[in-house]
Amino acid sequence: AQSVAQPEDQVNVAEGNPLTVKCTYSVSGNPYLFWYVQYPNRGLQFLLKYITGDNLVKGSYGFEAEFNKSQTSFHLKKPSALVSDSALYFCAVRPPGYKLSFGAGTTVTVRA
Amino acid sequence: DVKVTQSSRYLVKRTGEKVFLECVQDMDHENMFWYRQDPGLGLRLIYFSYDVKMKEKGDIPEGYSVSREKKERFSLILESASTNQTSMYLCASSLPQGDNQPQHFGDGTRLSIL
Chain A
3 AQSVAQPEDQ
13 VNVAEGNPLT
23 VKCTYSVSGN
33 PYLFWYVQYP
43 NRGLQFLLKY
53 ITGDNLVKGS
63 YGFEAEFNKS
73 QTSFHLKKPS
83 ALVSDSALYF
93 CAVRPPGYKL
103 SFGAGTTVTV
113 RA
Chain B
67 DVKVTQSSRY
77 LVKRTGEKVF
87 LECVQDMDHE
97 NMFWYRQDPG
107 LGLRLIYFSY
117 DVKMKEKGDI
127 PEGYSVSREK
137 KERFSLILES
147 ASTNQTSMYL
157 CASSLPQGDN
167 QPQHFGDGTR
177 LSIL
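Chains as they are written, first to last, in the working numbering: chain A, 3 to 114; chain B, 67 to 180.
If we strip away everything but chain A, and leave its shape as in the complex, we get (with noise of 0.2 Å):
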């Protein structure tokens, strides 16, 4: 079976201040990883994706991610963050030839 575990409900901080929100993931084999952001009364928009290669993934509006094979985690990440990142953040994993499974969602909400 595979699970994605987004451990934070909510995440608060300072904007200018880095922001990370935390996935980890339980599958088998080498998954495909992704995240993506709601913001209000929106559907998801995908920010970017982990398939091979160089652990620091870069996507969009100034968001990274980094994958961690030990530790199985795929944290989203970014170096200062906006009001207007205020939004829900989903972690997403899929196993090569499963479907696409989606963690519970983190809140962001930065404080100008």
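Any given hint could turn out to be false.
[Unchecked claim] Straight line, CA to CA, 25 Å or less: simulated SDA-like cross-link-like pairs of lysine to any residue:
no., chain 1, residue 1, chain 2, residue 2
1, A, K101, B, G129
2, A, K101, B, L144
3, B, K69, A, N43
4, B, K123, A, V29
[What the hints assert, rightly or not] Label-pair distances were calculated between CB atoms; the ranges are:
no., chain 1, residue 1, chain 2, residue 2, range
5, A, N19, B, T81, 27 to 37 Å
6, B, L161, A, D11, 25 to 35 Å
7, A, E17, B, S73, 29 to 39 Å
8, A, N19, B, D125, 31 to 41 Å
9, A, K101, B, F86, 43 to 53 Å
10, A, T54, B, D117, 19 to 29 Å
11, B, E145, A, T22, 26 to 36 Å
12, A, T22, B, F86, 37 to 47 Å
13, B, P105, A, E17, 21 to 31 Å
These are computed hints drawn from the structure, not numbers from a lab. Quick caveat: nothing in here was measured; it's all calculated off a predicted structure. We put the beta carbon where it would ideally sit given N, CA and C, even for glycine.
Given the structure of chain A, go ahead and fit chain B onto it with the hints provided.
Structure of chain B alone, referenced to chain A:
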């Protein structure tokens, strides 16, 4: 840019009604998906389709069916709506090459069953 359009943003129906949720994508994507989103549960896959007239069950298909008569359109049907189907429904589409293609989502339909 890929555009996935869901026909209704908000919908209110009554218990026992047959409900249709429509989704259209304009990028000629082979794959289409229906999810429901509930707080604390993330997204759960209801049904998906890899081609016209083709469908496969996801993780929670009970009480739902789908139809894909044309490549660009994927419909979700609640055969006899119940209050536990009150939720946000999201449609998505993607290219078929391998497993690493991101899915593109519509803005969702917030469905209330009274």
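Would you say the C-beta atoms of P105/B and E17/A sit inside 21 to 31 Å of each other?
-> 26 Å, holds
Return holds or violated for the Cβ distance of N19/A and D125/B against the range 31 to 41 Å.
-> Since the Cβ atoms of N19/A and D125/B sit about 37 Å apart, the hinted range of 31 to 41 Å holds.
Would you say the C-beta atoms of N19/A and T81/B sit inside 27 to 37 Å of each other?
-> About 48 Å separates the Cβ atoms of N19/A and T81/B, which means 27 to 37 Å is violated.
Using the Cβ atoms, figure out if K101/A sits within 43 to 53 Å of F86/B.
-> Since K101/A and F86/B have Cβ atoms about 24 Å apart, the given range 43 to 53 Å is violated.
Indicate whether the distance between the beta carbons of T54/A and D117/B respects the range 19 to 29 Å.
-> 28 Å, holds
In this structure, is the beta-carbon distance linking E145/B and T22/A contained in 26 to 36 Å?
-> 44 Å, violated
Taking 25 to 35 Å as the hint, is the beta-carbon distance of L161/B and D11/A inside that range?
-> 33 Å, holds
Hinted pair K69/B and N43/A, Cα distance within 25 Å = With a Cα-Cα distance of about 16 Å, the restraint between K69/B and N43/A holds, given a limit of 25 Å.
Confirm or reject the claim that E17/A and S73/B have a C-beta distance inside 29 to 39 Å.
-> Between E17/A and S73/B, where Cβ atoms are some 38 Å apart, the hint holds.
K101/A paired with G129/B [C-alpha distance capped at 25 Å] = 20 Å, holds
Do the alpha carbons of K123/B and V29/A lie within 25 Å of each other, as the hint requires?
-> OK: K123/B and V29/A at ~21 Å, within 25 Å.
Range hint compliance [Cβ, T22/A to F86/B, 37 to 47 Å] | 42 Å, holds
Comparing the model with each numbered hint stated earlier shows that hints 5, 9, 11 do not hold.
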